[in-house]
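With chain A's structure known, arrange chain B on it following the hints.
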Amino acid sequence: MIEFISQPWPWYVAGILIGLTVPTLLLLGNKSFGISSSLRHICAACIPAKIPFFQYDWKRESWNLFFVGGVLIGGFIAATFLTNPNDVVVAEKTHDQLFALGIKDFGGLMPEDLFSWESLATLRGLVFMVLGGFLVGFGTRYAGGCTSGHAIMGISNLQWPSVIATCCFMVGGFLMTWFGLPFLLNL
Amino acid sequence: MSKHTENLEQTGTACVNQSEITQPWYSNIKYAVVGILFGIVFVKAEIVSWFRIQEMFRLDSFHMYGVIGTAIAVGMLSLQIIKRKKIKSIDGEQIEVHDKKFDKGQIYGGLLFGFGWALTGACPGPLFAQIGAGFTVVIVTFLSAVFGTWVYGKYNDKLPH
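Those sequence lines, one after another, are chains A and B.
Taking our numbering as reference, the numbering of the first sequence is continuous, increasing by one, and the terminal residue is 187.
Taking our numbering as reference, the numbering of the second sequence is continuous, increasing by one, and the terminal residue is 348.
Hints are computed from structural coordinates only; laboratory data are not their basis.
Even for Gly, the Cβ is constructed at its ideal location relative to N, Cα and C.
Heads up, some of the hints might be wrong.
[Claimed, not checked] With a straight-line Cα cutoff of 25 angstroms, these simulated SDA-like cross-link-like pairs (lysine to any residue) come out: (1) A/Lys59 x B/Tyr213; (2) A/Lys104 x B/Asn343; (3) A/Lys59 x B/Asn343; (4) B/Lys273 x A/Leu27; (5) B/Lys341 x A/Phe76; (6) B/Lys291 x A/Met170; (7) B/Lys275 x B/Lys291; (8) B/Lys291 x A/Lys104; (9) B/Lys217 x A/Lys93; (10) B/Lys217 x A/Phe66; (11) B/Lys217 x A/Arg60; (12) B/Lys217 x A/Thr24; (13) A/Lys59 x B/Lys291; (14) A/Lys93 x A/Leu27; (15) A/Lys104 x B/Thr323; (16) B/Lys275 x B/Val220.
[Said to hold, decoys possible] Chain B side only, calculated, beta carbon under 8 angstroms to chain A, not exhaustive: (17) Ser206; (18) Tyr218; (19) Val221; (20) Phe229; (21) Ser236; (22) Ile255; (23) Val261; (24) Gly262; (25) Met263; (26) Ile294; (27) Val324; (28) Phe334; (29) Tyr339; (30) Lys341.
[Claimed, not checked] Now the in silico label distances, taken between C-beta atoms and shown as ranges: (31) B/Gly321 x A/Asp96: 33 to 43 angstroms; (32) A/Cys46 x B/His285: 40 to 50 angstroms; (33) B/Thr209 x A/Asp105: 18 to 28 angstroms; (34) A/Cys167 x B/Leu346: 29 to 39 angstroms; (35) B/Leu346 x A/Ala45: 19 to 29 angstroms; (36) B/Ile274 x A/Val163: 20 to 30 angstroms; (37) B/Ile326 x A/Gln55: 20 to 30 angstroms; (38) B/Lys291 x A/Asn186: 25 to 35 angstroms; (39) B/Tyr252 x A/Asp105: 51 to 61 angstroms; (40) A/Trp178 x B/His348: 39 to 49 angstroms.
Isolated chain A, as found in the complex:
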């Protein structure tokens, strides 16, 4: 059993479990699945600075902060007690393309070359972590949701604005991967 759990889980298992989060949150308390809102609640709680966008009762939304706190603990549990003994398998073409762009570490979930404290001292590290993070926070709020709120919750609820948002997420990702990364990985 433990051996089965410690292998990487297939897409259909993950997809079903993530999909079930939608009815679970609704049944538990009429909550719509969405994660990027937590970033807004953190702003409203910690640095509201009299900005109207952050003037609301964030405590009423604290369920969302408990949820993301849980995600953090879940990440710890999975990485500590259910670790995959083998290297992450990266598709051959992606591996070769990234290798040609200068990525050397393919052992874990994230390449050490880009995501480490040492890398943070480099321009390349700053772009991938600091600029990347900024775009995630700014972009999701501007779009009104992220992969959970729009792609999964929104499309599940047949909302066409969410279909547009999801298409734009993908287009942005394709553009950055194919046109941005060859340049940015060589900084």
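Okay, now just chain B, sitting in the frame of chain A:
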């Protein structure tokens, strides 16, 4: 719709809490439990992996498309059942999900988030799971994302919507 929900919607959030019931803080522990299971799935299915996101954008693996596609199918089916059977929450409240209104933010913001997704290999959810999984440097990415949300909040009335 409560005053609280109305305020939130006017200022343009997509993910609101439809519940009108005020509950003590410990009732939130159940959401933490759901979050824990969710975080485990994130790591075990390698959705938090920068490489998996790269495979997706390089059209080199079906994995992420399978995960998101299945999640949408399961979500859609469950929402249909909840709506048709008029199922109530465990507190006896009628379940309702609000519609999302279109504005240009979904295009501009969507593209910007897509850029960030390909750089960091993470949407907001996986950021939390990555930190929990021991990638402590992602705290920097996370703080930067909080700052990005704050900058949007400060200047949102000047941006095209």
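Okay, the hints, checked on the actual structure:
1. A/Lys59 x B/Tyr213: holds, 13 angstroms
2. A/Lys104 x B/Asn343: violated, 40 angstroms
3. A/Lys59 x B/Asn343: holds, 23 angstroms
4. B/Lys273 x A/Leu27: holds, 11 angstroms
5. B/Lys341 x A/Phe76: violated, 33 angstroms
6. B/Lys291 x A/Met170: holds, 16 angstroms
7. B/Lys275 x B/Lys291: violated, 34 angstroms
8. B/Lys291 x A/Lys104: At roughly 39 angstroms apart (the allowed maximum being 25 angstroms), A/Lys104 and B/Lys291 break the hint.
9. B/Lys217 x A/Lys93: violated, 42 angstroms
10. B/Lys217 x A/Phe66: holds, 8 angstroms
11. B/Lys217 x A/Arg60: holds, 15 angstroms
12. B/Lys217 x A/Thr24: Given pair B/Lys217, A/Thr24 holds - Cα atoms ~10 angstroms apart, limit 25 angstroms.
13. A/Lys59 x B/Lys291: It is violated: about 29 angstroms lies between the C-alpha atoms, which goes past 25 angstroms.
14. A/Lys93 x A/Leu27: Violated - the C-alpha atoms of A/Leu27 and A/Lys93 are around 43 angstroms apart, more than 25 angstroms.
15. A/Lys104 x B/Thr323: holds, 20 angstroms
16. B/Lys275 x B/Val220: holds, 21 angstroms
17. Ser206: Holds, because the Cβ-Cβ distance from B/Ser206 to chain A comes to roughly 4 angstroms (cut-off 8 angstroms).
18. Tyr218: holds, 4 angstroms
19. Val221: holds, 6 angstroms
20. Phe229: Because about 7 angstroms separates B/Phe229 from the closest Cβ in chain A, which is inside the 8 angstroms limit, the hint holds.
21. Ser236: holds, 4 angstroms
22. Ile255: With Cβ-Cβ at 6 angstroms, under 8 angstroms, it holds.
23. Val261: holds, 3 angstroms
24. Gly262: With a closest approach of 3 angstroms, the B/Gly262 hint holds.
25. Met263: Since the shortest Cβ distance to chain A is 4 angstroms, the answer is holds.
26. Ile294: holds, 5 angstroms
27. Val324: holds, 5 angstroms
28. Phe334: Check passed: Cβ of B/Phe334 comes within 6 angstroms of chain A, closer than 8 angstroms.
29. Tyr339: holds, 4 angstroms
30. Lys341: holds, 5 angstroms
31. B/Gly321 x A/Asp96: 33 to 43 angstroms: violated, 28 angstroms
32. A/Cys46 x B/His285: 40 to 50 angstroms: Between A/Cys46 and B/His285, where Cβ atoms are some 27 angstroms apart, the hint is violated.
33. B/Thr209 x A/Asp105: 18 to 28 angstroms: Taking Cβ atoms as reference, B/Thr209 and A/Asp105 lie about 49 angstroms apart, which means the hint is violated.
34. A/Cys167 x B/Leu346: 29 to 39 angstroms: Once the Cβ atoms are compared, 20 angstroms apart, the range 29 to 39 angstroms for B/Leu346 and A/Cys167 is violated.
35. B/Leu346 x A/Ala45: 19 to 29 angstroms: holds, 23 angstroms
36. B/Ile274 x A/Val163: 20 to 30 angstroms: Check passed, 25 angstroms falls within 20 to 30 angstroms.
37. B/Ile326 x A/Gln55: 20 to 30 angstroms: holds, 27 angstroms
38. B/Lys291 x A/Asn186: 25 to 35 angstroms: Holds, since B/Lys291 and A/Asn186 (Cβ atoms, about 33 angstroms apart) stay within the stated range.
39. B/Tyr252 x A/Asp105: 51 to 61 angstroms: Violated, at about 25 angstroms.
40. A/Trp178 x B/His348: 39 to 49 angstroms: Given range 39 to 49 angstroms: violated, Cβ gap about 29 angstroms.
The structure does not agree with the numbered hints 2, 5, 7, 8, 9, 13, 14, 31, 32, 33, 34, 39 and 40 stated previously, though it agrees with the rest.
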